[in-house]
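If you read the protein sequences in the order shown, they are chains E and W.
Just so we're aligned, residue 1 is where the first sequence starts under the numbering used here, counting upward by one.
Just so we're aligned, residue 1 is where the second sequence starts under the numbering used here, counting upward by one.
None of these hints come from the bench; they were simulated from the model.
No false leads were slipped in.
Label-pair ranges, simulated between beta-carbon atoms:
(1) E:S68 to W:F59: 50 to 60 Å
(2) W:I74 to E:N197: 56 to 66 Å
(3) E:A28 to W:G136: 13 to 23 Å
(4) E:L207 to W:G136: 56 to 66 Å
(5) E:I212 to W:V8: 16 to 26 Å
(6) W:R47 to E:A28: 51 to 61 Å
(7) E:L207 to W:I111: 33 to 43 Å
(8) W:G65 to E:K106: 47 to 57 Å
C-beta: ideal position from N, C-alpha, C; glycine also.
One letter stands for each residue in the lines below.
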Amino acid sequence: MQKLQTIRGSYYKRLQNYGYIFVLPTVAMFLLFMIYPMINAFYLSFFNWNLVSEKTFVGFNNFKHLISDARFLNSLKVTLVYTLISVFFFMIISFWLAYGLSTITKLRRFYQSAFFIPVVLSIVGTAVGFRYIFNNLGIVTCITSSLFNTAIPWLSSVKIANYTTMMVIVWKVAGVYIMLFFAGFLNVPVVYYEAANIDGAGFWGKLIYITIPSMKNTIILVFISCVIFTFGAFPIQYVLTKGGPSNATEVLALYIYNLGFKQTKIGYASAVSVVYFIILFIFALIQIRVLTSPND
Amino acid sequence: MNKKNITVRTILYISLSIVTVIFIFPFFYTFISSFKGKEELLAIPLRFFPSKWHFREFFDFWNYGDLNFTRYYINSIIITVGAVVLATILSAMSGYGFAKYKFRGNNFLFIMILSTLMIPFTAIVIPLFLLVSRMGLANTFPGIILPMCLNAFGVFLVRQFMYSVPDQIMEAARIDGAGEFRIFFTIALPLIRVPLISFIIIQALNVWNELFWPLIISSSNNMRTIPQAVALFAGTYEINYIGQLTSSTFASIPTLILYIFLTRYFITGVSMTGLKE
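Just chain E, with the same shape it has in the complex (with noise of 0.2 Å):
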């Protein structure tokens, strides 16, 4: 039977017009709730405001501000270091538990869920346990200094709070990753491992010849979402550390945050979103560019 031929008809072209229907009211919800926003941070940024009084158009004075500003370098720098590290950690941690789980067969379900529980969690009840947990004289304290004589200030400590909460955000998260990988694991065909099998494939050769490639576009597809994720890290600084201890952990989420909603220094903190806006673009840019262009 033929294609109905009705479909090259007007009936069929004015049919098509419905889309519009279904699809304008979404459209039209993120023009007015991201994109005019976005837009509107951009011009923002050219003014000085604090809410109260005249905007007062200053030019690239917030921008020129920004390059010498302390403190937004420290929390751009504090975000750099958060992101790179948690990604590292979140790509191998992930991947590797993921791996784990394709690999067994009894208990896998009780496993995924175990693995899974951190990400139900609300983050603000998990941020105020970790608080009690990590305190001075809290649990983990009291196991690291029986077990290594030392104690470790973990959130206390200029150094080593940022660390700290790259430790909560891998626990709270890594669950999500573990799945995404672990769908990637199941759809690399089993023939491609027969093969290697026969052709006397190790296990590190099996990995990296068949697992990873087959995987790319996972493995893509998690590393963005994670470096897009991190790069606005907030409800864990704010709850756990609130920024502290002297700005250690001040990501840049909190610092449009204390700049806009503290400070009302509006055109100032629009003038971060919009650097902030634009490192993680390029972010994104280079990694799309860099992660899939040889080997297509």
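Knowing the structure of chain E, use the given hints to seat chain W on it.
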């Protein structure tokens, strides 16, 4: 050969179990500790289990200070239900529209929506706050809900799954006189029921645990959400240590219970969308 296999496997299981303990311990420990008395909380030497169980004081945080957790619970529920319903409708409709209709700008609009994934929330928080305030929605439910019902992943997801809905079924329904919306509701949507439910659950999880936006847009006590209230225990009320622990345990319990019953949907939902948080 077999012996090597067994040792490898046991090591594997042991390490997975150790990791499991690490994952479960913090919550479990916080939960147990919330039954300790104030004196015991940071006593030296620290004990794992409370020596005396303070069951009766567990809910002391509920009305501590000017907090009113009943109200916050209700707020969180209203906001979550509202945001999830809206998000589902918007994502489902637009995903369907993008997948099933060829109209000018289809690709362009879809890419535009997808590109908003690049916009970090922190960057737009201040203008968004200004916008919502200017709309007169500061500190109101719509003000909290509306920005949280946008989920570009949802649009992407529904579009993906709508491709698997056969066009012939839709054609047949049209021939029988069904209107487009009827086709959408009674044919297409039920066919993607399973991933849709997973999406709904993940969106609900995200909205329920959201701290940043409600923190910014609610200024009065009776519009706070549970995450905000628990955060107060870490801030303003931080001398109430027990309150910190009990309230934080409580904050996690609703989602945990939901998770225990609907594990499957959570996990498949996440592998499809990549949880926001």
